[in-house]
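Top to bottom, those sequences are chains F and R. For what it's worth, the working numbering labels the leading residue of the first sequence as 91, then goes sequentially. For what it's worth, the working numbering labels the leading residue of the second sequence as 91, then goes sequentially.
Hints listed in this document are in silico derivations from the structure and should not be mistaken for laboratory results. Take the hints with a grain of salt, since some may be wrong.
In this list, chains with the same sequence are indistinguishable; a pair is considered to hold if it fits within one copy or across any two.
[Unchecked claim] EDC-like mimics (lysine to aspartate or glutamate), calculated; alpha carbons at most 20 Å apart, straight line: (1) Lys157 x Glu178; (2) Lys466 x Asp347; (3) Lys99 x Glu283; (4) Lys346 x Glu286; (5) Lys205 x Glu452; (6) Lys320 x Glu404; (7) Lys235 x Glu354; (8) Lys205 x Asp284; (9) Lys235 x Asp347; (10) Lys168 x Asp239; (11) Lys327 x Glu296; (12) Lys99 x Asp136; (13) Lys205 x Asp331; (14) Lys273 x Glu408; (15) Lys421 x Asp284; (16) Lys468 x Asp97; (17) Lys405 x Glu294; (18) Lys440 x Asp97; (19) Lys466 x Glu305; (20) Lys433 x Asp97; (21) Lys466 x Glu296; (22) Lys421 x Asp449; (23) Lys466 x Asp97; (24) Lys421 x Glu283.
As the structure is a prediction and not an experimental result, all values here were calculated from the model.
2 protein chains.
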Amino acid sequence: MKSFYGDLKLGILGGGQLGRMLIQESINFNITTHVLDPDADAPCKDLCNKFVKGSLTDYQTVYEFGKGVDLITIEIEKVNVDALEQLENEGVLVYPQSRVIRLIQDKGVQKQFFKENDIPSSRFQLIQNRTELKNVEFSLPFIQKLRKDGYDGRGVHPVRSTADLDAAFDAPSLIEDWVDFEKELAVIVSRNEDGEIKTFPCVEMEFNPEANLVEFLISPSTLPEEILKKADELAVKIAQDLKIVGVLAVELFLTKDGEILVNELAPRPHNSGHQTIEGNYTSQYEQHLRAIFNLPLGDTRSISNAVMINLLGEKGFEGPAEYEGLNNILKIDGVYVHLYGKKLTKPFRKMGHVTILDDDREKAIEKAKFVQTTIKVKI
Amino acid sequence: MKSFYGDLKLGILGGGQLGRMLIQESINFNITTHVLDPDADAPCKDLCNKFVKGSLTDYQTVYEFGKGVDLITIEIEKVNVDALEQLENEGVLVYPQSRVIRLIQDKGVQKQFFKENDIPSSRFQLIQNRTELKNVEFSLPFIQKLRKDGYDGRGVHPVRSTADLDAAFDAPSLIEDWVDFEKELAVIVSRNEDGEIKTFPCVEMEFNPEANLVEFLISPSTLPEEILKKADELAVKIAQDLKIVGVLAVELFLTKDGEILVNELAPRPHNSGHQTIEGNYTSQYEQHLRAIFNLPLGDTRSISNAVMINLLGEKGFEGPAEYEGLNNILKIDGVYVHLYGKKLTKPFRKMGHVTILDDDREKAIEKAKFVQTTIKVKI
Numbered sequence: 091m092k093s094f095y096g097d098l099k100l101g102i103l104g105g106g107q108l109g110r111m112l113i114q115e116s117i118n119f120n121i122t123t124h125v126l127d128p129d130a131d132a133p134c135k136d137l138c139n140k141f142v143k144g145s146l147t148d149y150q151t152v153y154e155f156g157k158g159v160d161l162i163t164i165e166i167e168k169v170n171v172d173a174l175e176q177l178e179n180e181g182v183l184v185y186p187q188s189r190v191i192r193l194i195q196d197k198g199v200q201k202q203f204f205k206e207n208d209i210p211s212s213r214f215q216l217i218q219n220r221t222e223l224k225n226v227e228f229s230l231p232f233i234q235k236l237r238k239d240g241y242d243g244r245g246v247h248p249v250r251s252t253a254d255l256d257a258a259f260d261a262p263s264l265i266e267d268w269v270d271f272e273k274e275l276a277v278i279v280s281r282n283e284d285g286e287i288k289t290f291p292c293v294e295m296e297f298n299p300e301a302n303l304v305e306f307l308i309s310p311s312t313l314p315e316e317i318l319k320k321a322d323e324l325a326v327k328i329a330q331d332l333k334i335v336g337v338l339a340v341e342l343f344l345t346k347d348g349e350i351l352v353n354e355l356a357p358r359p360h361n362s363g364h365q366t367i368e369g370n371y372t373s374q375y376e377q378h379l380r381a382i383f384n385l386p387l388g389d390t391r392s393i394s395n396a397v398m399i400n401l402l403g404e405k406g407f408e409g410p411a412e413y414e415g416l417n418n419i420l421k422i423d424g425v426y427v428h429l430y431g432k433k434l435t436k437p438f439r440k441m442g443h444v445t446i447l448d449d450d451r452e453k454a455i456e457k458a459k460f461v462q463t464t465i466k467v468k469i
Numbered sequence: 091m092k093s094f095y096g097d098l099k100l101g102i103l104g105g106g107q108l109g110r111m112l113i114q115e116s117i118n119f120n121i122t123t124h125v126l127d128p129d130a131d132a133p134c135k136d137l138c139n140k141f142v143k144g145s146l147t148d149y150q151t152v153y154e155f156g157k158g159v160d161l162i163t164i165e166i167e168k169v170n171v172d173a174l175e176q177l178e179n180e181g182v183l184v185y186p187q188s189r190v191i192r193l194i195q196d197k198g199v200q201k202q203f204f205k206e207n208d209i210p211s212s213r214f215q216l217i218q219n220r221t222e223l224k225n226v227e228f229s230l231p232f233i234q235k236l237r238k239d240g241y242d243g244r245g246v247h248p249v250r251s252t253a254d255l256d257a258a259f260d261a262p263s264l265i266e267d268w269v270d271f272e273k274e275l276a277v278i279v280s281r282n283e284d285g286e287i288k289t290f291p292c293v294e295m296e297f298n299p300e301a302n303l304v305e306f307l308i309s310p311s312t313l314p315e316e317i318l319k320k321a322d323e324l325a326v327k328i329a330q331d332l333k334i335v336g337v338l339a340v341e342l343f344l345t346k347d348g349e350i351l352v353n354e355l356a357p358r359p360h361n362s363g364h365q366t367i368e369g370n371y372t373s374q375y376e377q378h379l380r381a382i383f384n385l386p387l388g389d390t391r392s393i394s395n396a397v398m399i400n401l402l403g404e405k406g407f408e409g410p411a412e413y414e415g416l417n418n419i420l421k422i423d424g425v426y427v428h429l430y431g432k433k434l435t436k437p438f439r440k441m442g443h444v445t446i447l448d449d450d451r452e453k454a455i456e457k458a459k460f461v462q463t464t465i466k467v468k469i
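Kindly generate the complete structure, drawing on both the sequences and the hints.
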């Protein structure tokens with residue numbers, strides 16, 4: 091492999107906020123970055139050495155983009171995997187491997203992988219279309235998920251009653267048990283080419299019971315040691331079973347019976363690891379670079395309790411974004427703002443995130459609540 | 091002032107490593123960056139929204155560059171201040187103010203400012219040329235410094251014996267007592283437009299006598315509380331006296347008698363504050379942005395003991411840089427590498443820095459010594 095003097099070209103498929111934060115870290119290693127994204131105004135546009143506007147799912151576009159770099163990585167799964175496979179055959183490094191992306195792209199195949207490898211996950215069944223939905227052996231309520239292209243909550247259809255059946259997706263899907271979970275957890279694991287594996291401490295998502303939405307993420311989790319150990323071991327096992335190179339986000343459910351079930355995987359830096367930038371000795375972005383360039387993995391320990399809040403576009407506002415309350419939240423010690431460089435806001439669009447550090451966990455949560463009610467993305 | 095949605099244009103005079111690290115932070119605030127630098131391959135070149143190749147000392151170039159932005163800052167003092175003053179008159183924000191840059195650019199005026207404001211500093215005398223050097227009322231050894239344009243050790247001439255007089259600068263200079271110091275210290279202080287002032291904890295430095303560059307910096311200093319308090323109060327006083335907006339590095343001598351003398355000022359992020367990126371709750375780069383955009387200043391406390399090492403080009407090597415030993419140092423927990431994106435190395439060129447964190451100060455120093463002997467910038 092070429093060395094780090096600036097001629098080492100990393101291609102990133104996707105130019106969103108995850109790519110943006112990856113580039114912020116890649117600067118420290120003199121990595122030249124090329125980015126492919128269909129949006130001419132993608133958050134990475136002005137930060138990379140070369141920006142290519144183009145489709146992530148078109149074979150020829152991805153192939154040609156890949157021929158110009160030494161190593162390709164992704165910040166979104168929805169990419170043309172056939173092109174990546176061809177690039178691998180021609181000697182371009184692709185991390186995570188095309189094989190891993192292909193497996194994770196299809197939620198049905200992902201579930202089969204869990205089953206074959208004794209990875210605990212909710213019961214499931216695969217269907218081809220809406221007609222088959224009527225014959226599934228699941229009692230209400232259950233979940234329908236599109237096998238492909240779901241993202242950020244899209245492609246998920248909760249079936250609470252027979253009335254919900256009509257609005258179901260008429261496409262190859264996955265039917266899953268409705269898991270009555272106690273908490274949602276996540277473990278970010280990383281593996282480099284040498285096979286070194288490291289996990290970040292398990293994090294918890296705090297729900298707003300009223301809105302039934304993830305309100306914030308708390309790092310590290312304070313659940314009993316045996317649960318955390320189980321979550322950690324599962325993440326390591328999955329990274330080993332997949333032989334992935336890169337970081338992998340493992341989203342988990344802790345059920346009301348104290349069982350740990352794997353929900354979904356993401357073979358890239360993930361929303362549930364943003365707080366590692368300030369809250370851990372190594373960030374998930376640096377760790378991803380270390381993994382894909384086969385460098386020794388970094389120290390994943392937490393520096394402090396951290397709470398992460400997504401900055402979503404306020405309901406009812408669509409247009410050039412303004413950040414109300416920024417000044418007030420920056421008055422508080424341990425508040426870190428990350429804006430994603432998106433000019434236009436719309437309801438629930440991820441416009442940025444805020445991480446709050448405090449040695450006292452309760453104080454961190456209290457500060458996070460203040461931040462949440464103070465900063466608003468409007469126009 | 092415009093708000094943070096990406097249309098707020100920050101102009102940076104200078105495109106070196108300080109600008110590069112400032113841009114890494116400015117990404118978090120959606121700040122659009124324009125950079126002016128005479129070097130077409132400057133470290134900031136590919137990271138800013140707009141790069142202008144041009145002279146930093148030419149009136150017209152700086153003026154025209156400044157007309158295209160909302161706020162101008164510097165990462166090097168050697169810039170055309172007349173142009174900045176004109177831009178200020180025309181309503182462009184310039185932080186630090188042209189007045190402050192002008193004062194600090196001239197080491198003679200800087201010394202007079204210290205004298206007028208009762209800021210302890212070594213005894214000095216101003217001369218116009220080499221001829222006047224023979225008549226100075228200083229006993230050997232003493233120091234001759236060019237009043238203008240000294241940088242990174244250049245422009246400093248130690249006069250140890252009469253033999254050194256012939257090689258003295260024949261230009262307006264400052265003659266200073268040779269301070270027999272115990273330690274070199276630095277305090278980074280910041281002040282925003284509202285007049286809020288915060289200091290980072292005082293750091294201690296070790297110099298490479300051959301290169302006359304900081305080789306080894308330890309944060310925070312463990313000197314007696316009364317000395318640290320004196321250093322801190324001095325930095326606050328200087329920021330107040332100057333009414334500077336931005337960060338200001340205050341370089342200090344601790345004499346063998348336990349006296350604190352101000353050596354020099356730098357009105358910008360500084361080499362003695364690199365370790366704040368990982369070692370403090372707020373980095374000097376974020377603090378500079380907060381100060382110049384008149385945001386509340388961030389928490390400056392240390393997270394951990396930190397040691398910073400400059401990665402200098404190895405003696406005897408000139409050409410495209412390679413980083414030997416990178417893999418070995420990344421194996422150690424708490425090691426953070428920052429490469430500056432300079433393609434060509436030459437002896438003592440600042441090619442990057444490494445920060446080492448460890449809760450145990452002695453261990454941090456030990457790790458730093460290992461890093462120092464392990465990583466080499468060669469070709």
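Verification of the hints:
1. Lys157 x Glu178: within (10 Å within a copy, 48 Å between copies)
2. Lys466 x Asp347: neither (38 Å within a copy, 55 Å between copies)
3. Lys99 x Glu283: within (18 Å within a copy, 41 Å between copies)
4. Lys346 x Glu286: This pair counts as neither: shortest intra-copy Cα distance 33 Å, inter-copy 50 Å.
5. Lys205 x Glu452: neither (38 Å within a copy, 50 Å between copies)
6. Lys320 x Glu404: neither (37 Å within a copy, 48 Å between copies)
7. Lys235 x Glu354: within (11 Å within a copy, 64 Å between copies)
8. Lys205 x Asp284: Result: close neither inside a copy nor across copies, 27 Å intra and 61 Å inter.
9. Lys235 x Asp347: neither (24 Å within a copy, 74 Å between copies)
10. Lys168 x Asp239: within (6 Å within a copy, 53 Å between copies)
11. Lys327 x Glu296: Intra 25 Å, inter 46 Å, cutoff 20 Å: neither.
12. Lys99 x Asp136: both (16 Å within a copy, 13 Å between copies)
13. Lys205 x Asp331: So Lys205 and Asp331 pass the 20 Å test inside one copy only (12 Å; across, 70 Å).
14. Lys273 x Glu408: For Lys273 and Glu408, neither the intra-copy (32 Å) nor the inter-copy (57 Å) Cα distance is at most 20 Å.
15. Lys421 x Asp284: For Lys421 and Asp284, the Cα distance is within 20 Å only across copies (13 Å; inside one copy 44 Å).
16. Lys468 x Asp97: Intra 41 Å, inter 16 Å, cutoff 20 Å: inter-copy only.
17. Lys405 x Glu294: Neither, since 25 Å and 51 Å both go past 20 Å.
18. Lys440 x Asp97: Result: close only across copies, 19 Å inter versus 33 Å intra.
19. Lys466 x Glu305: within (14 Å within a copy, 45 Å between copies)
20. Lys433 x Asp97: between (31 Å within a copy, 9 Å between copies)
21. Lys466 x Glu296: Close inside one copy (19 Å), not across copies (46 Å); limit 20 Å.
22. Lys421 x Asp449: within (18 Å within a copy, 27 Å between copies)
23. Lys466 x Asp97: between (41 Å within a copy, 18 Å between copies)
24. Lys421 x Glu283: between (43 Å within a copy, 15 Å between copies)
Hint compliance for this structure: hints 2, 4, 5, 6, 8, 9, 11, 14 and 17 are not met, and every other hint is.
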